[in-house]
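Protein chains: 4
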Amino acid sequence: MEPNTNSLSHSKWRSVLHEVIFEADTPVGKAFDIVLLCCIAMSVIAVMLDSVSAIDSQYGRILYHIEWVCTILFTIEYILRLLCVGRPFMYAKSFFGVVDLLAIAPTYLSMLIPGSQYLLVIRLLRVLRVFRVLKLAYYLDEASILIQALRASRRKITVFLFVVLTIVIIVGSLMYLIESEESGFTSIPRSVYWAIVTLTTVGYGDISPKTSLGQALAALVMIMGFAIIAVPTGIMTAELTQAMGQKKVSTQACPECSAEGHENDAVYCKFCGAKM
Amino acid sequence: MEPNTNSLSHSKWRSVLHEVIFEADTPVGKAFDIVLLCCIAMSVIAVMLDSVSAIDSQYGRILYHIEWVCTILFTIEYILRLLCVGRPFMYAKSFFGVVDLLAIAPTYLSMLIPGSQYLLVIRLLRVLRVFRVLKLAYYLDEASILIQALRASRRKITVFLFVVLTIVIIVGSLMYLIESEESGFTSIPRSVYWAIVTLTTVGYGDISPKTSLGQALAALVMIMGFAIIAVPTGIMTAELTQAMGQKKVSTQACPECSAEGHENDAVYCKFCGAKM
Amino acid sequence: MEPNTNSLSHSKWRSVLHEVIFEADTPVGKAFDIVLLCCIAMSVIAVMLDSVSAIDSQYGRILYHIEWVCTILFTIEYILRLLCVGRPFMYAKSFFGVVDLLAIAPTYLSMLIPGSQYLLVIRLLRVLRVFRVLKLAYYLDEASILIQALRASRRKITVFLFVVLTIVIIVGSLMYLIESEESGFTSIPRSVYWAIVTLTTVGYGDISPKTSLGQALAALVMIMGFAIIAVPTGIMTAELTQAMGQKKVSTQACPECSAEGHENDAVYCKFCGAKM
Amino acid sequence: MEPNTNSLSHSKWRSVLHEVIFEADTPVGKAFDIVLLCCIAMSVIAVMLDSVSAIDSQYGRILYHIEWVCTILFTIEYILRLLCVGRPFMYAKSFFGVVDLLAIAPTYLSMLIPGSQYLLVIRLLRVLRVFRVLKLAYYLDEASILIQALRASRRKITVFLFVVLTIVIIVGSLMYLIESEESGFTSIPRSVYWAIVTLTTVGYGDISPKTSLGQALAALVMIMGFAIIAVPTGIMTAELTQAMGQKKVSTQACPECSAEGHENDAVYCKFCGAKM
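If you're matching them up, the sequences are chains A, B, C and D in order.
Using this note's numbering, count along the first sequence one by one with no gaps and you end on 276.
Using this note's numbering, count along the second sequence one by one with no gaps and you end on 276.
Using this note's numbering, count along the third sequence one by one with no gaps and you end on 276.
Using this note's numbering, count along the fourth sequence one by one with no gaps and you end on 276.
Hints in this document: simulated from the structure, not taken from any laboratory.
You may find that some hints are simply not true.
For identical chains, the list gives no copy identity; a pair is met inside one copy or between any two copies.
As the list claims (entries may be wrong) - Straight-line distance between alpha carbons at most 25 Å, and here's what the computed DMTMM-like set of lysine to aspartate or glutamate pairs gives:
hint, residue 1, residue 2
1, Lys210, Asp56
2, Lys210, Glu181
3, Lys12, Glu181
4, Lys210, Asp25
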């Protein structure tokens, strides 16, 4: 019976590990998650500071060590996750599985290609796990409303983006014909870039029209941008209002008159007075 | 009976051609549309790259050939469209008919006026046919909600644009009086251009007030722009909510008078009083 | 009886004049309004072009004449308006009365103070009469919804503007302490100007933080601006939705069950089926 | 009985003082508040003007005196507030108590640390008391709707800000890898600063991409910013609509169970089923 016991103890060991690493309900699991988040935050800040030459020249060695320690810890954690999960391959292919891998790859890669260690900021995506540590249900609920609204407005946004793309390419080409190269409109792609900068009301000013005709067209684009910015906002708001509204209305129908649309706290039907 | 048969076969030939070119339901029609879209995308990209001097000097010849091949293909397609459609003149006058013509004209025109080939990007408008290839009904439905909302807010937007126009001209003139020419406010039209750049929150910074009074007025305009940007968004959102809400109207028809458009909570038909 | 007849014919002459000048229902009144609008547009464009030195040096004389002809015409029209209206003093004090006076004053003033003729662009406000010529009722209806929404959100906007003012002054002062004078933060008022430019997302770039701490604070202000811009939009949208919604719901109550909230096209009560 | 009388008169003295300083209902209380607001406004303007070198060199002495007079007045007022309030320690810990202390501290601090007197602008926060002087109830009502909407959208905004933070760090790091140091992307923190400037559509233009790849990524970020700016607006609007909608709930209480919060179209109490 040894293999069985072994398998049992093995199975128990895995289930404990699973609880610590994947759950945030138990004190140990929560502590693990908080330590993990601190490591992630620390390593991302280390990578960011490493890029500042003044800091790098002075604390470069320490930052380098932090980076490697974090990477090794995350590698161990990644292997443990694969070990204790039921279907390792499924996990490796999931969103967080891929993020976990991407979060350790750049350090090893930087030994071959210098500079690639800056990609380590992708580790930040791991912090999205943070919502598990906080009062999970609330935040997921709110996030799900946002995602639901985004999903519902998917097609409208596609239509909208397509129209925007058409506008910026045509406006960019017109500007290329109108403005001289000295103003910065050296090619159509660059003019399209200017059109996007203008339409989105970012307005760097690195490229800006100099001729009267160009400025008139630019003014037209800005007024259009004014109107156009209203569209995604309108879509998003309308969808959010719907998504939030759906949460508020009970799906319960009156047993007497079958009327629907009751509020969640309704005890009696508001149309016929029957008990619900 | 030969002419008749001829006419019949001719009619059949036209109907097949019509199905291939104008419909996207059959596999052949869909394939035609996809090939067409690729051609359009390719030719627009070719025109855009052609304007980049570094690429033009190296691949100019290839791009030139792509341009001509696409133009000839589109010319043939345009003629076929005119041939197989019932009323060619009606089609030529329609939105897509005009776009199809504009999409081939610049290349021929560029033989007379150099530089006009950049207008070929107008071809991009042809890509709007893309929605036919995608799951048509869904996207047209969403687009129609957007268009319905835009149409409903037409008059409000007119009133709004008129007020904005009045504001920018008056503010521009005031700035012309306040600021010196060195700051870039060289004429009222240019000051109006600045006012539009500021009110729409684009803010290039190519023209910006230098005096204290000018900066105070600019700050006022910005705060106003802050409030003004809320208006089109508000209009658009309110109309979109309504346009989307109308979709929520019950699809139930009255069993008595067949009237539609009842609210979801209606118990009796609001037109004839029959129980629903 | 001569004075009476005289008074009668005088009264008739005034009423005809009133109809021509103040109404837009009769063909003559409409024609008068259209001619007036053209004059206004022409004179505003003349003033704007007059400020462009290249145009002024060539066509200055013509523009000067247009300006004086328009001013004299408007002066005659202003006097006629005062003559044919019942209470001239009431009219002179009304919004359009003041605008009419301001629209002619700058030309006469420019004889004393050179440069003041550019204030003539205030004439543009007269163009607001345009809505009378167009299908009046529709536009006034839409404008009244906008104004109603603005009035309803008056207090919320006041609270909001006050909070924004407090934020920009405090942020501006902090930036003045953090940033050196070389970055353009030469005084608190100028720093406050920068804070407004940043918070409203205009972003000229004429003043921008150079130190790390300043950039961090600026980033914070931007993110805040991101959230803050949502507030007036939200207020405006919510009020507009209400203002528009109120137009859509009939105020009629069911004679049987007294239920309210019926749609405008309802013939029978949707709750009890009684004829309304 | 002298101590008692003394205590009584003392208590009366305190209650009169409390009414003058803390209430705005009586004429004296209102007058006190208005004088206070003028002092605050004057002292904040004095601090701001003091930072303008041209004004400081000429009126520096006067501004210095205004500052000290205001500070001493505010110090006396602060002490009086502590004296006449029931629990001085509670008041000192409250929002306005802390603001009152911060509003006088910088002047005394400026004797030790020069420059710290500019922190006096924090006095402006005291002006928030202004709403008490205006028709209080109305404004507090409106402010409470805004605050209620902000509180309700708290979690959605948190999720949103977290996503935005993740985006700007990753985009900033990518830009640091793509763009050279000459374009201004000298470190990851600075690139993140650029990403925030761009995503919020501020667009100073002090740092802007020069390479084609960088501009393409920037264009992508802008389009994203376009969509992202819709999210807080949507959240805010949806919450505001709800917060304002709740005001629309019938004020009718059930005659049976006295429950409130019924919808306007309710015929029967939804809690006890009694006819309303």
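Verification of the hints:
Proximity of lysine 210 to aspartate 56 under the C-alpha cut-off of 25 Å is restricted to the inter-copy arrangement: shortest distance 20 Å between copies versus 42 Å within a copy. Both within a single protomer and between protomers do lysine 210 and glutamate 181 lie at most 25 Å apart by alpha-carbon distance, with minima of 11 Å and 15 Å respectively. With identical chains, the CA atoms of lysine 12 and glutamate 181 are never at most 25 Å apart, being 71 Å at best within one copy and 54 Å at best between copies. Proximity of lysine 210 and aspartate 25 under a CA criterion of 25 Å is satisfied in neither setting, with 62 Å inside one chain copy and 46 Å between copies.
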